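Knowing the structure of chain L, use the given hints to seat chain D on it.
Those protein sequence lines, which keep their order, are chains L and D. FYI, in the working numbering the residues of the first sequence are 3 to 514. FYI, in the working numbering the residues of the second sequence are 41 to 538.
None of these hints come from the bench; they were simulated from the model. These figures come from a predicted structure and were not determined experimentally. Don't take each hint at face value.
[Unchecked claim] Computed cross-link-like contacts, SDA-like style, restricted to lysine to any residue with a CA-CA straight-line distance of at most 20 Å:
| id | chain 1 | residue 1 | chain 2 | residue 2 |
| --- | --- | --- | --- | --- |
| 1 | L | K163 | D | I470 |
| 2 | L | K168 | D | A473 |
| 3 | L | K25 | D | K422 |
| 4 | L | K163 | D | L476 |
| 5 | L | K288 | L | A430 |
| 6 | D | K422 | L | A22 |
| 7 | D | K208 | D | R349 |
| 8 | D | K422 | L | Q110 |
| 9 | L | K163 | D | E489 |
| 10 | L | K168 | D | P424 |
| 11 | D | K422 | L | V26 |
| 12 | L | K25 | D | P424 |
| 13 | D | K422 | L | V18 |
| 14 | L | K25 | D | M425 |
| 15 | L | K25 | D | S421 |
| 16 | D | K422 | L | I440 |
| 17 | D | K422 | L | A430 |
| 18 | L | K163 | D | R481 |
| 19 | D | K422 | L | R112 |
| 20 | D | K422 | L | P23 |
| 21 | L | K168 | D | A342 |
| 22 | L | K168 | D | D415 |
| 23 | D | K147 | D | N76 |
| 24 | L | K163 | D | F413 |
| 25 | L | K163 | D | N76 |
| 26 | L | K163 | D | K147 |
| 27 | D | K422 | L | D24 |
| 28 | L | K163 | D | I328 |
| 29 | L | K163 | D | Y477 |
| 30 | L | K29 | D | L82 |
| 31 | L | K168 | D | L474 |
| 32 | L | K163 | D | R349 |
| 33 | L | K384 | L | Y465 |
[As the list claims (entries may be wrong)] According to the in silico footprint, chain L covers these stretches of chain D (three or more CB under 8 Å from chain L):
| id | stretch |
| --- | --- |
| 34 | 421–428 |
| 35 | 437–444 |
| 36 | 456–462 |
| 37 | 521–527 |
Glycine included, every Cβ here is placed at the ideal spot set by N, Cα and C.
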Amino acid sequence: MMIEALLAVTLLSAFVVFLAPDKVAGKLAFALSLLPLGGSLWMYSAFDGSGNALLGGTLAFEEMYQWVNLGPYALNWHVGLDGISMPLLVLTTVLTPLAILAAWTPVQSRQSQFYGLMLFMEMSLLGVFAALDFFVWFIFWEMVLVPMYFLIGVWGGPRRKYAAIKFFVYTNVASLVMFIGFIALVFGLGDSVTSLDLPAITDALNNGELSGLGGIDANTLKIVAFFAMFAGFGVKVPIVPFHTWLPDAHVEAPTPVSIMLAGVMLKMGTYALLRFNFTMLPETAKQFAFIIALVAVVSVIYGAMLALAQSDLKRIVAYSSVSSMGYVILGLVAYNMYGIGGATFQMISHGLISGLLFMAVGVIYNTTHTRMVSDMSGLADKMPITVAVFIAGAFGYMGLPLMSGFAAEFFIFVGAFQSAVLPGNTLALFTGAAMFGIVIVAGYYLFAMQRTLFGPFRLETDYEVGRASFHDVAPLVVLILLVILLGVQPDIFYGMIQESVRDMALITGGGA
Amino acid sequence: MAQPFGTGADWVTMAPAITLALTAMLLFIVNSISPNTKNRPLLVGLSTLGTVVAGGIAVAFLATGTGEEAVSLYDGALVVDTMSLFFTLIFTSVTVLVCIASYDYMKGQPYMAEFYSLVILATTGMTLMASANSLATVFVSLELASLPSYALVAILKKNRGSVEAGLKYFLIGALSSAIFAYGISLVYGVTGHLQLEAVASNLNAEAFPGVLGIGVLMVLGGFAFKTASVPFHFWAPEAYEGAPAPVSAFLSSASKAAGFVVAFRVFVTAFPIAELSATVDWVLAFQILAVVTMTLGNFAAATQDKVKRMLAYSSVGHAGYALIGLAALTGVGGANDLVMGGAMLHLLVYGFMNTGAFLFIALVEQWGIGRTFEDYNGLGSKAPMACLAMTVFMFNLAGLPVGAGFMSKYALFTGAVGAGFWWLAAVGAINSALSLYYYSRVVKAMWVEEPTSELTIRSTPTGLYVAVLAAAVTSVVLLPAFGPLADTAYSAAATLFA
Numbered sequence: 003m004m005i006e007a008l009l010a011v012t013l014l015s016a017f018v019v020f021l022a023p024d025k026v027a028g029k030l031a032f033a034l035s036l037l038p039l040g041g042s043l044w045m046y047s048a049f050d051g052s053g054n055a056l057l058g059g060t061l062a063f064e065e066m067y068q069w070v071n072l073g074p075y076a077l078n079w080h081v082g083l084d085g086i087s088m089p090l091l092v093l094t095t096v097l098t099p100l101a102i103l104a105a106w107t108p109v110q111s112r113q114s115q116f117y118g119l120m121l122f123m124e125m126s127l128l129g130v131f132a133a134l135d136f137f138v139w140f141i142f143w144e145m146v147l148v149p150m151y152f153l154i155g156v157w158g159g160p161r162r163k164y165a166a167i168k169f170f171v172y173t174n175v176a177s178l179v180m181f182i183g184f185i186a187l188v189f190g191l192g193d194s195v196t197s198l199d200l201p202a203i204t205d206a207l208n209n210g211e212l213s214g215l216g217g218i219d220a221n222t223l224k225i226v227a228f229f230a231m232f233a234g235f236g237v238k239v240p241i242v243p244f245h246t247w248l249p250d251a252h253v254e255a256p257t258p259v260s261i262m263l264a265g266v267m268l269k270m271g272t273y274a275l276l277r278f279n280f281t282m283l284p285e286t287a288k289q290f291a292f293i294i295a296l297v298a299v300v301s302v303i304y305g306a307m308l309a310l311a312q313s314d315l316k317r318i319v320a321y322s323s324v325s326s327m328g329y330v331i332l333g334l335v336a337y338n339m340y341g342i343g344g345a346t347f348q349m350i351s352h353g354l355i356s357g358l359l360f361m362a363v364g365v366i367y368n369t370t371h372t373r374m375v376s377d378m379s380g381l382a383d384k385m386p387i388t389v390a391v392f393i394a395g396a397f398g399y400m401g402l403p404l405m406s407g408f409a410a411e412f413f414i415f416v417g418a419f420q421s422a423v424l425p426g427n428t429l430a431l432f433t434g435a436a437m438f439g440i441v442i443v444a445g446y447y448l449f450a451m452q453r454t455l456f457g458p459f460r461l462e463t464d465y466e467v468g469r470a471s472f473h474d475v476a477p478l479v480v481l482i483l484l485v486i487l488l489g490v491q492p493d494i495f496y497g498m499i500q501e502s503v504r505d506m507a508l509i510t511g512g513g514a
Numbered sequence: 041m042a043q044p045f046g047t048g049a050d051w052v053t054m055a056p057a058i059t060l061a062l063t064a065m066l067l068f069i070v071n072s073i074s075p076n077t078k079n080r081p082l083l084v085g086l087s088t089l090g091t092v093v094a095g096g097i098a099v100a101f102l103a104t105g106t107g108e109e110a111v112s113l114y115d116g117a118l119v120v121d122t123m124s125l126f127f128t129l130i131f132t133s134v135t136v137l138v139c140i141a142s143y144d145y146m147k148g149q150p151y152m153a154e155f156y157s158l159v160i161l162a163t164t165g166m167t168l169m170a171s172a173n174s175l176a177t178v179f180v181s182l183e184l185a186s187l188p189s190y191a192l193v194a195i196l197k198k199n200r201g202s203v204e205a206g207l208k209y210f211l212i213g214a215l216s217s218a219i220f221a222y223g224i225s226l227v228y229g230v231t232g233h234l235q236l237e238a239v240a241s242n243l244n245a246e247a248f249p250g251v252l253g254i255g256v257l258m259v260l261g262g263f264a265f266k267t268a269s270v271p272f273h274f275w276a277p278e279a280y281e282g283a284p285a286p287v288s289a290f291l292s293s294a295s296k297a298a299g300f301v302v303a304f305r306v307f308v309t310a311f312p313i314a315e316l317s318a319t320v321d322w323v324l325a326f327q328i329l330a331v332v333t334m335t336l337g338n339f340a341a342a343t344q345d346k347v348k349r350m351l352a353y354s355s356v357g358h359a360g361y362a363l364i365g366l367a368a369l370t371g372v373g374g375a376n377d378l379v380m381g382g383a384m385l386h387l388l389v390y391g392f393m394n395t396g397a398f399l400f401i402a403l404v405e406q407w408g409i410g411r412t413f414e415d416y417n418g419l420g421s422k423a424p425m426a427c428l429a430m431t432v433f434m435f436n437l438a439g440l441p442v443g444a445g446f447m448s449k450y451a452l453f454t455g456a457v458g459a460g461f462w463w464l465a466a467v468g469a470i471n472s473a474l475s476l477y478y479y480s481r482v483v484k485a486m487w488v489e490e491p492t493s494e495l496t497i498r499s500t501p502t503g504l505y506v507a508v509l510a511a512a513v514t515s516v517v518l519l520p521a522f523g524p525l526a527d528t529a530y531s532a533a534a535t536l537f538a
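Isolated chain L (complex conformation):
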């Protein structure tokens, strides 16, 4: 009942905070968000799962009850954690309190609603990572959209309404496309499944029980479903060319929301790709490995180039997310233990580092009221801790050793080089191209930092630059410590991740 308790506590906290007076809402939300954090850490320490959730692994904290019997397909309440979902669960509960802390300074209106929505979003995200029945999973998946829409639309920047609607429409249409793709797959399975249980469906698919549907043969159906799901999840990741909602949403979203958006929400996309496309339809994924790898590399390079062209610090961080998430896709398509494991590890690592960078940009913005690179220089003297952490985070992004980003990218590149998914050295060539992305990342971060942080102090706004408050800097420090901790000791998560992706690698003969 641990997962249910976690969800219930978070949901209840959301309601309590929503009804609390504005004055105490921020502190109350922070205090309450420590409960799910404690819960997930305890669950991590007591984690006893092994194997992959969809491939017959032993799950931790698994619960399954019959819920509704709607016609031929039963909907069950099925939740459980394996080595892929556990780290993401921890990531969510770690980032939420930090994001709440980061909101104390910038969010000054309708606070109880803001924090209530943040906690509601946390609950939905936890549900996405824990659910193992498609229907339950989809409910949580869609529920994430609602608080996000409000958080951007109400508390965002000047063009918030446009950004919120664009986000809502894009991702909602994507969900519909994905939903249709998946349901077509389930109907294609006919009588061999009696529920929307993900492990059961995966099992049936891997046993080749898919028959055609409405005149479409099984193989075509697989391809259609694969691409419907790929497009649907790809919007969330986001991959090029479905990425255009992301910079808008990020730039308009308030800092704490950007943290959750980049830190956790983008991972919903790659997590779903991993669970659905790559676990359920491995053959199709292999068949189209070339296209997927191409998409990944284009996302990496194009995202990095776009970041290079920006003059707004927040946009730089936003576009670099497109680039980093491209690495995740590359790792997935490598289809071996290092590749998939590294991709999963990169999800966690990117969650921490992008959260950190958005937070640092937020702190800089709170004190200077500008994010334009050209408006400022020499901030290092005025806000040393913030700047130090910002630099450390940027180095993490570039993959400096002993930081989590290094470990993640290292695993991905090793996996991609060794991968036999594509004939010959094709994937190795792709990987080489993708590695060039790191150079561009280093380029734009160093360039931006050199202009904003160093040199003589200059600021073209009317605001005094003061020291950031303790509660603004503390989460930055916590995050950088976590980034280093994971870089030094990746096994905190990597062990359980490996354990869970081994079966996937074996299915396709991608090799260990």
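This is chain D only, laid out in the frame that chain L set:
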């Protein structure tokens, strides 16, 4: 079958309707003892209590399985089965919400006791509609439900809009009653029977195919009016907009469900598709009706600039979804249960979310805030709880998974797919996606937009608040509690096809 009129024990199963009728009588007695009484707590208490008892009895019957074996009364003119009890639950739930909400809305209005007795009488009529198993009882109970409704729409005698709406509603209602009665007489002319099973077994289609066909289509027209389906929908936006908001809620939720329960029973029992498809293919008629109704309703809703009118048109759209319950019938056992059960589930959930939405409008009217979307700007910061509830209703109606509205639509659409009607489900899903546009306009106005003028919330009407919040909580709680409901709805549909 020693006693054609049913034994005493059989009549006990009519307890919900009888309780409601007695409650209405009691309210009349109160009114005659103390004419023009303004004792709101007494009136609301009596009507709420009576309805709760009636609904409670229905739930108890459902739980104990009373209706699984259909109980036939009055020589088969009335029948109590799982479906009639299920719909009784829908009607009483809506009525309870409307009664509680009217506590504030009727404050200072004349004809208070009459208002409540009319509401309860209409509910009695609807409950009888759910049980009606003969075209005669169908007609009588339909009129019992309709006549109080006409008066309810016009109850604000000093309000031009209310009176005008009442008149329009009455005229169109009278016309459609006439069409309906004429249809019945044609069916009677061909078959010589009014009792539904007897009609079915005497469908001598070869003798007068044309007469029977016209009769069936005229009966269908009567239902289309009651359920506000295209092309008999044009009264609905006028009536819903003009009527007091609680009455709009009552009409668009309960009255619509009543129309559907009769349609379900009459068409399935009296006009079996298998025998009639050559004469009049009413399934095809319902398919056309469903597609046109949902599309037209949704497009019209998207172009409104008043919230209440938008809701009125969206209510037409939802009638279109529910029509799938009849439009996707194939005559093959299991699939039929799922489709019609899905429609019943949607009507139940719709009862809560739509009633809640109209009651929220009643609340806003109480505050003296205008009717357009812009007038709702920034309301969220003034009345967060009520607006949270409204947000739940809007997203629920649009089919986002914040409550059971998502589940019931899913049940309905997969039911249609399972019956082989991909395209019906697809049209429904596209319409559903479109509806998100206009529902989210309300949400956007309440939370995202800044208030255009100084908003002041003048009062916190307790009854309305209680009703709105109760509806919101229920429509969310129905999501986890969907299992037993779905089982009941499917077995209700199964008893109909048995």
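Quick rundown of the hints versus the structure:
Using a Cα cut-off of 20 Å, the hinted pair K163(L) and I470(D) is violated, with the two alpha carbons roughly 24 Å apart. The straight-line distance between the Cα atoms of K168(L) and A473(D) is roughly 15 Å, inside the 20 Å bound, and the hint therefore holds. Between K25(L) and K422(D) the CA atoms are separated by roughly 16 Å; this keeps the pair inside 20 Å, and the hint holds. For a cut-off of 20 Å, the pair hint linking K163(L) to L476(D) stands: about 16 Å separates their Cα positions.
For a cut-off of 20 Å, the pair hint linking K288(L) to A430(L) stands: about 16 Å separates their Cα positions. Proposed proximity of K422(D) and A22(L) is supported: the alpha carbons are some 14 Å apart, at most 20 Å. Taking the CA atoms of K208(D) and R349(D), the gap is about 16 Å. The hint holds against a cut of 20 Å. Among the hinted pairs, K422(D) with Q110(L) is consistent with the structure: their alpha-carbon atoms are about 16 Å apart, no more than 20 Å.
The straight-line distance between the Cα atoms of K163(L) and E489(D) is roughly 9 Å, inside the 20 Å bound, and the hint therefore holds. Our distance criterion of 20 Å between C-alpha atoms is broken by K168(L) and P424(D), whose separation comes to about 25 Å. Using a Cα cut-off of 20 Å, the hinted pair K422(D) and V26(L) holds, with the two alpha carbons roughly 18 Å apart. Simply put, K25(L) and P424(D) have alpha-carbon atoms about 16 Å apart, close enough for the 20 Å limit, and the pair holds.
With a C-alpha separation of about 18 Å, the suggested pair K422(D) and V18(L) falls inside the 20 Å cut-off, and the hint holds. Using a Cα cut-off of 20 Å, the hinted pair K25(L) and M425(D) holds, with the two alpha carbons roughly 18 Å apart. The hinted pair formed by K25(L) and S421(D) meets the criterion: a straight-line CA distance of about 15 Å does not exceed 20 Å. A threshold of 20 Å between alpha carbons decides the hint, and for K422(D) with I440(L) the separation of about 50 Å lies outside it, so the pair is violated.
Distance check on the hinted pair: K422(D) and A430(L) sit about 59 Å apart at the alpha-carbon level, beyond 20 Å; violated. Restraint check for K163(L) and R481(D): the C-alpha separation of about 12 Å stays at or below 20 Å, so the hint holds. Our distance criterion of 20 Å between C-alpha atoms is met by K422(D) and R112(L), whose separation comes to about 10 Å. Of the pairs offered as hints, the one joining K422(D) and P23(L) holds, with about 13 Å between alpha carbons and a cut-off of 20 Å not exceeded.
Distance restraint check for K168(L) and A342(D): the Cα-Cα separation of roughly 18 Å lies within the 20 Å cut-off, and the hinted pair is therefore satisfied. With a C-alpha separation of about 24 Å, the suggested pair K168(L) and D415(D) falls outside the 20 Å cut-off, and the hint is violated. Between the alpha carbons of K147(D) and N76(D) the distance comes to roughly 13 Å, so the proposed pair stays at or under 20 Å and holds. The suggested pairing of K163(L) with F413(D) holds, with an alpha-carbon distance near 16 Å, which does not exceed 20 Å.
Note on K163(L) and N76(D): the hinted pairing is violated, with a Cα-Cα distance of about 51 Å set against a maximum of 20 Å. Taking the CA atoms of K163(L) and K147(D), the gap is about 39 Å. The hint is violated against a cut of 20 Å. Straight-line distance between C-alpha atoms of K422(D) and D24(L) comes to about 13 Å, which keeps the hinted pair within the 20 Å bound. Between K163(L) and I328(D), the direct Cα distance comes to roughly 38 Å. Violation of the 20 Å bound is thereby established for this hinted pair.
Of the pairs offered as hints, the one joining K163(L) and Y477(D) holds, with about 14 Å between alpha carbons and a cut-off of 20 Å not exceeded. Taking the CA atoms of K29(L) and L82(D), the gap is near 46 Å; set against the 20 Å cutoff, the hint is violated. Distance hint between K168(L) and L474(D) is fulfilled; the C-alpha atoms sit about 15 Å from each other, no more than 20 Å. Annotation: proposed proximity of K163(L) to R349(D) is violated, straight-line Cα distance about 25 Å (limit 20 Å).
Only pairs whose Cα atoms come within 20 Å are accepted, and K384(L) paired with Y465(L) is accepted, the gap being roughly 13 Å. As drawn, the stretch 421–428 of chain D meets chain L at 4 residues by the rule of a beta-carbon pair under 8 Å; at three or more, the given contact holds. As drawn, the stretch 437–444 of chain D meets chain L at 3 residues by the rule of a beta-carbon pair under 8 Å; at three or more, the given contact holds. Note: the stretch 456–462 of chain D has 3 residues with beta-carbon separation from chain L under 8 Å; the three-residue rule is met and the coverage holds.
Counting residues of the stretch 521–527 of chain D whose CB falls under 8 Å from any CB of chain L gives 4; the rule of at least 3 is met.
The structure fails to meet hints 1, 10, 16, 17, 22, 25, 26, 28, 30, 32 from the earlier list, while all remaining hints are met.
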